[in-house]
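Participant: Now for the letters of each chain:
There are 2 protein chains.
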Amino acid sequence: MVIKYPNGEPYRLSTDHSQSNIKRPLLAAESDVIFGGRGMTLEQTINDTNTYYRQQQRAVIYKKPTPIQIVKVDYPQRSKAVIREAYFRQASTTDYNGVYQGRYLDFEAKETTNKKSFPLKNFHEHQVKHFQNCLHQQGICFTIMRFASLERYFLTPATLLLKYWQQQTNGRKSIPLTEIIKTGYELQIGYQPLLDYLGAVDQLIQKTQQMD
Amino acid sequence: MVIKYPNGEPYRLSTDHSQSNIKRPLLAAESDVIFGGRGMTLEQTINDTNTYYRQQQRAVIYKKPTPIQIVKVDYPQRSKAVIREAYFRQASTTDYNGVYQGRYLDFEAKETTNKKSFPLKNFHEHQVKHFQNCLHQQGICFTIMRFASLERYFLTPATLLLKYWQQQTNGRKSIPLTEIIKTGYELQIGYQPLLDYLGAVDQLIQKTQQMD
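Chains as they are written, first to last, in this note's numbering: chain A, 2 to 213; chain B, 2 to 213.
Check each hint, because a few of them may be wrong.
The list treats identical chains as interchangeable, and a pair is accepted whether it falls inside one copy or across any two copies.
[As the list claims (entries may be wrong)] Result set (SDA-like, lysine to any residue): computed pairs, CA atoms no more than 25 Å apart in a straight line: (1) K122 with R79; (2) K73 with A201; (3) K81 with F124; (4) K65 with K130.
Hints were generated in silico from the structure; no laboratory data involved.
Note that the structure is predicted; figures quoted are calculated from it, not measured.
Okay, chain A solo, but in the shape it has when bound (with noise of 0.2 Å):
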């Protein structure tokens, strides 16, 4: 399958990391996963803004490679080494980090069919503990979400997610679209970048000025 661009060009898989090329099972946290009306995944659609803001030198922002657990390399003569055994590892942290204007950023991008609701199980409890110690170091937290039924999309603090989290216990699954829709910044879809999430980032840092 090519993915093409909404104009007509073939989607360059990015070489920053990104490994969704990759054919592998779903992860629990993935069974939500579907691909856009434009052929992208989230996490390609992200890459993609995320080169577009290094071009521009307006952010540093990668996606981490993924964790590999290595057991058996080949070292065929005169060619590069060959992986033989390795399995797919947990992560201990979110997917992307980086720097924007002196801050640290750093957030997890996830989607869901549902239209009423983000399911909690998208997240792990890592992700969310790695938030608590992030936040607590005055890094800025948030999530990605994307509405893929309603094809909307939202910048949502990660304290959002870490008050549901910890109410989880009362039976509360999902956190609603009507709460993230008042406390988060909904995205546009655009051509570059493709997901412009900068200005949100902006107001949420201001906001988080204001309640210091």
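On the provided structure of chain A, position chain B as indicated by the hints.
Facilitator: Then chain B, alone, in the frame of chain A:
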């Protein structure tokens, strides 16, 4: 070989993204790497220090996973996916980043057996470029250099590396130790943490602010 702490306890291989326990051919930039007197590589020493900083809630800094290009994956029934063909890739960034008191930290750790200067061949063009981009976003960028034969460690501002990198055309292929002593901050090997570098980061931040 069991790696041991100075106190005789076996060294617990870090689970946070480090793949340093994997045998693979040395990359060009690693050709100077040797094992320290205490039986730990510089990478293990820094990973251990970062784990300590996280436990103490002093900073959230991780080594990025090694980027891997995956070609073939097997899915045995009733067991997890096995990567059967994959290759090591060149990273686009430096190895370490994270957040400390609201600041974005970004660094690379390297060692040499040289006694009078630090060879520039330990660094790659993409790392230098990444430092430039992060400095432009007001990140705190540095290298941790180990002079293995002297058993001396320095935290050196990335700006010093950039200065010598740009002068390479003049034939100078290394940074003199005298210059590193003058511009950088010497670090001491300790117990908890093994290589306390945040004090030097404080000084670097202070100096950066004075220059603004």
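Participant: I want to check one pair: K73 and A201. Are their C-alpha atoms no more than 25 Å apart within a copy, between two copies, both, or neither?
Facilitator: The answer is neither: 44 Å in one copy and 39 Å across copies each exceed 25 Å.
Participant: Within a copy, between copies, both or neither: where do K122 and R79 come within 25 Å Cα-Cα?
Facilitator: between (47 Å within a copy, 23 Å between copies)
Participant: Regarding K65 and K130, is the shortest C-alpha distance of 25 Å or less found within a copy, between copies, in both, or in neither?
Facilitator: Result: close both inside a copy and across copies, 17 Å intra and 18 Å inter.
Participant: At most 25 Å between C-alpha atoms: does K81 with F124 qualify within a copy, between copies, both, or neither?
Facilitator: between (37 Å within a copy, 20 Å between copies)
In the structure shown, a violation is registered for the earlier hint numbered 2 alone.
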